[in-house]
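The opening residue of the sequence shown carries number 1 in the UniProt record's numbering; numbering runs sequentially from there.
Don't take each hint at face value.
Said to hold, decoys possible - Pairs of lysine-lysine residues, derived as DSSO-like cross-links and limited to a Cα-Cα distance of at most 27 Å, are as follows:
no., residue 1, residue 2
1, Lys3, Lys49
2, Lys49, Lys83
3, Lys49, Lys131
4, Lys72, Lys49
5, Lys6, Lys83
Read the hints as simulated data drawn from the structure, not as lab findings. All values reported here derive from a predicted model rather than from experimental measurement.
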Amino acid sequence: MRKSLKDAVVVITGASSGVGQAAAEEFARRGSKLVLAARDAAALQLVAKSCRNLGAEVLVVPTDVTDADAVKQLARRALSFGKIDVWFSNVGVGAVGRFQETPIEAHEQVIRTNLIGHFNDAYAAIPIFLKQGRGTFINMISLGGFASTPYAAAYSASKFGLRGFSEALRAELADEPDIHICDVYPTFMDTPGVAHGANYTGRRLSVPPPVYDARRAARAIVRLAQHPRSSVTVGAVADLARLAHFLAPNTTSRLLARLTSSYLRRAPRAERSNGNLFRAPENPGGIEGGWRSERRVPIAAVAAAAVVGLALAAVIGGVPRISYRRR
């Protein structure tokens with residue numbers, strides 16, 4: 001049975017743009033009460049205005065999720081509604097560049113935000129859920145949670161770690177039937193995230209097609225809140241990448257590294273930048289990043305299919321043949 005989200009209290013971190021904003025608007029359409037958090041207070045107010053226009057009651061709480069005390073304060077503010085039904089832990093940043101050419105401070109900040117930030121969210125939310133006897137915690141991960149991302153080593157480490165964290169938390173709470181830990185694994189979404197991220201490659205970054213509307217991920221998140229399950233993928237490429245990595249992880253990672261290296265050699269030059277690692281972006285950008293185009297060939301889907309084929313070949317080639325001929 002699907003849960004009604006009318007008057008449900010939903011906390012969303014990373015709500016100032018992209019999937020966070022799209023999710024806020026989707027929950028607003030269903031009559032939920034929203035608690036919106038991110039570093040950029042002005043951007044949050046714009047999202048809040050949009051959600052109020054959809055009929056939602058909204059509380060804005062500017063929060064840096066890397067600050068555990070600030071996240072606890074966010075939870076206390078959210079309880080002014082009397083409860084917390086859903087906590088969508090959505091904050092994520094990235095740093096693109098060769099491992100040794102990316103400042104160690106950037107690696108640390110990616111881990112601090114993408115992993116420890118989600119720890120802080122859960123550390124604030126889970127005690128409240130246990131006291132209530134119910135609640136749904138939704139972790140935004142990515143296809144990077146089960147397929148490595150060359151040239152984004154810290155991002156990859158954070159997402160692998162976040163997947164492990166979710167699995168451990170889910171196991172600890174297995175005896176709490178009304179408390180749910182859910183994971184979302186989207187493929188490339190049309191959000192400002194890549195434009196906001198740190199770039200140490202010296203080349204202009206892009207997003208390989210197919211790129212999906214962030215509202216598609218938002219709808220998947222709302223469905224999880226209505227009908228919780230352990231994990232959900234968004235986009236066919238995520239499923240293909242997951243299968244390929246399962247079958248032949250080393251082959252998959254090497255191919256992705258070669259594809260990325262080839263792209264970077266041909267990409268236009270660009271300034272190195274810390275992006276939004278250490279401060280909120282000057283322009284939050286809204287939901288869309290402008291990456292989608294119906295005329296672009298879906299090379300990512302083709303590449304993913306090729307990876308699966310290569311992975312299958314590697315697996316088949318590695319299986320020792322057994323002869324049943326009589327000797």
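Hints and how they fare:
| no. | hint | result |
| --- | --- | --- |
| 1 | Lys3 / Lys49 | 26 Å, holds |
| 2 | Lys49 / Lys83 | 23 Å, holds |
| 3 | Lys49 / Lys131 | 32 Å, violated |
| 4 | Lys72 / Lys49 | 25 Å, holds |
| 5 | Lys6 / Lys83 | 13 Å, holds |
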